[in-house]
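Quick note, the sequences are listed as chains A and B, same order. Counting from 1, one number per residue, gives the positions in the first sequence under the working numbering. Counting from 1001, one number per residue, gives the positions in the second sequence under the working numbering.
Because the hints were derived from the structure by calculation, they are not lab data. Beta carbons are placed, not taken as given, at the ideal position from N, Cα and C, and that holds for glycine. Keep in mind that a hint or two might mislead.
[Said to hold, decoys possible] Label pairs and their in silico Cβ distance ranges: (1) B/E1059 / A/P47: 54 to 64 angstroms; (2) A/P76 / B/H1141: 18 to 28 angstroms; (3) B/A1111 / A/P76: 48 to 58 angstroms; (4) A/L191 / B/P1015: 53 to 63 angstroms; (5) B/H1141 / A/G30: 49 to 59 angstroms; (6) B/G1145 / A/L202: 30 to 40 angstroms; (7) B/V1022 / A/T123: 28 to 38 angstroms; (8) A/P38 / B/H1141: 45 to 55 angstroms; (9) B/H1141 / A/L187: 19 to 29 angstroms; (10) A/W49 / B/R1008: 58 to 68 angstroms; (11) B/T1187 / A/L129: 30 to 40 angstroms; (12) A/N58 / B/D1160: 31 to 41 angstroms; (13) A/T123 / B/D1174: 48 to 58 angstroms; (14) A/P38 / B/D1074: 27 to 37 angstroms.
[Stated by the list, open to error] Stretch by stretch, here's where chain A covers chain B in the computed footprint (C-beta under 8 angstroms, at least three residues): (15) 1086 to 1099; (16) 1102 to 1114; (17) 1173 to 1186.
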Amino acid sequence: MNLVQFYAQHSGEVLGLIGQHLYLVAISTGVAIAVGLPVGIVLTRRPRWRGPVLGLANVVQTIPSLALFGFLIPLPLIGGIGARTAVVALVLYGLLPIVRNTYTGITSVDAAVREAGRGMGMTDRQLLLMVDLPLALGVILAGVRIATVVNVGTATIAAAIGAGGLGVYIFRGVAMVNDALILAGALPAALMALAADGLLGLAERRLAWRPK
Amino acid sequence: MTPALEVRGLRYALPEAGAGRVLVEDLSFTVGSGETLVLLGRSGSGKTTTLKLINRLLEPTAGEVRLAGERAADLPVTRLRRRIGYVIQEIGLFPHFTVEQNVGLVPRLEAWPPARTAERVRELLELVGLDPRQFSTRYPHQLSGGQRQRVGVARALAADPPLLLLDEPFGALDPITRVELQREFRTLEGRLAKGVVFVTHDVREGLLLGTRIGLMHQGRLVFLGTPDEFRSSDNPEARAFMSAA
């Protein structure tokens, strides 16, 4: 059975899995931004927390994804079988690039520009919104892009804990030693990663300030 | 008349991490409107620190600063800074703002009506010798070093602050542009009628632009007087500077 026939016969299921996959990635990346951006900003204001926080995020990143899913299952509230556990794991993976890039982006803003801003009477909030964030936006978006692309890939493994997504085909294909079935899950996942990379790259170029 | 700036018994010691090293000690001077006090001294003599103590980028360990009679320490820090124009050597123009947005920053922070801000920006660009039609919409990276520093001066003047602090504003420019800007600044001083504190290590620049020279050495003011008095002073540090001129 070739891939085209497979998709033709299972179009409803395929679209459902793609939908689940997008949902996992969108929710987890969204939460990772909502948490990671403020944490990154706080680190630039409290440099002493930088070591511990980035260290912790780094450690999380080194945990193999299948193991992390496994660790989370027995936990109350965030654990269990299903999408919720997968989202928590994906959020944890997405945090590091976003926190780190937010921190790096803001700390690489020219010190003279920040001093001029403060010297002219900007409040902390104005300095953040008018100077730090606009000038760091390119680096921050690069972090969001990395987090998203990594999560599209990692989300395939979420199928192992019953979270659905395109990993369902991949695991089924592995179990049945069926290459076409593996491909049926892997191909759309790969295309999704490429699309996310392209779109966010475009956003980076359009939105971020850079000297021409 | 109340002087634009009054500094009395100013002292600044680094916080305990810096082993309490004293950077500025027992500093007192006043600057009237229309007067330019040049703070002259070697690197590390405390000139830049003094400016930062005036606009509270650093908080004095002791002593007080008064702005037109008001204690700087009693004013909210952002309000204080918006009443003081500040120009640094690196200029620090906002790279993502146009010239117009850079110059109009403090008026915008102060929520001026847009039309008034635009009018003020035009006026200031003309004052510093930049054609508004040509330069308003440019970004800093599209300007030469001299043009950038002109924008820096215009930006500092935007909200018509009674006091102007300049920290080696022409230090990074090529010699020809520097002399050009020094001459223009001299003309500007007369028209502005503001109190100006101008930091430099260039004695020729100091003598050209200062109505008075304050010589700093190891955190202290070791001489304060007119340029003529400075030329004939027998203070050893003043002699050292004069022999370098």
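Exercise. Do the beta carbons of A/L191 and B/P1015 sit within 53 to 63 angstroms of each other?
Worked result: Roughly 56 angstroms apart at Cβ, these two residues keep to the hinted range, so it holds.
Problem set entry | Status of the given 48 to 58 angstroms range, CB of A/P76 versus CB of B/A1111 | holds, 51 angstroms
Problem set entry | Residues of the stretch 1086 to 1099 of chain B with Cβ under 8 angstroms from chain A, three needed, outcome | Answer holds; 9 residues pass the 8 angstroms Cβ test.
For this session: Just tell me: holds or violated, for the beta carbon distance of A/T123 and B/D1174 against 48 to 58 angstroms?
Result: violated, 37 angstroms
For this session: Just tell me: holds or violated, for the beta carbon distance of A/P38 and B/H1141 against 45 to 55 angstroms?
Result: Cβ of A/P38 to Cβ of B/H1141: about 31 angstroms, so the range 45 to 55 angstroms is violated.
Problem set entry | 30 to 40 angstroms as the expected CB spacing between A/L202 and B/G1145, which holds or is violated | holds, 34 angstroms
Exercise. So the hint says 30 to 40 angstroms: do the beta-carbon atoms of B/T1187 and A/L129 match that?
Worked result: Between B/T1187 and A/L129, where Cβ atoms are some 38 angstroms apart, the hint holds.
Exercise. Does the Cβ-Cβ separation between B/V1022 and A/T123 fall within 28 to 38 angstroms?
Worked result: Holds: the Cβ-Cβ distance is about 31 angstroms, inside 28 to 38 angstroms.
Exercise. Do the beta carbons of A/P76 and B/H1141 sit within 18 to 28 angstroms of each other?
Worked result: The hinted range 18 to 28 angstroms is violated for A/P76 and B/H1141, with Cβ atoms some 55 angstroms apart.
Problem set entry | Range hint 31 to 41 angstroms (beta carbons of A/N58 and B/D1160) holds or violated | With a Cβ separation near 51 angstroms, A/N58 and B/D1160 fall outside 31 to 41 angstroms, so the hint is violated.
Exercise. Do three or more residues from the stretch 1102 to 1114 of chain B put their C-beta atoms closer than 8 angstroms to C-beta atoms of chain A?
Worked result: holds (count 3)
Exercise. Do the beta carbons of A/P38 and B/D1074 sit within 27 to 37 angstroms of each other?
Worked result: holds, 33 angstroms
Of the numbered hints listed earlier, those contradicted by the structure are 1, 2, 5, 8, 9, 10, 12, 13 and 17.
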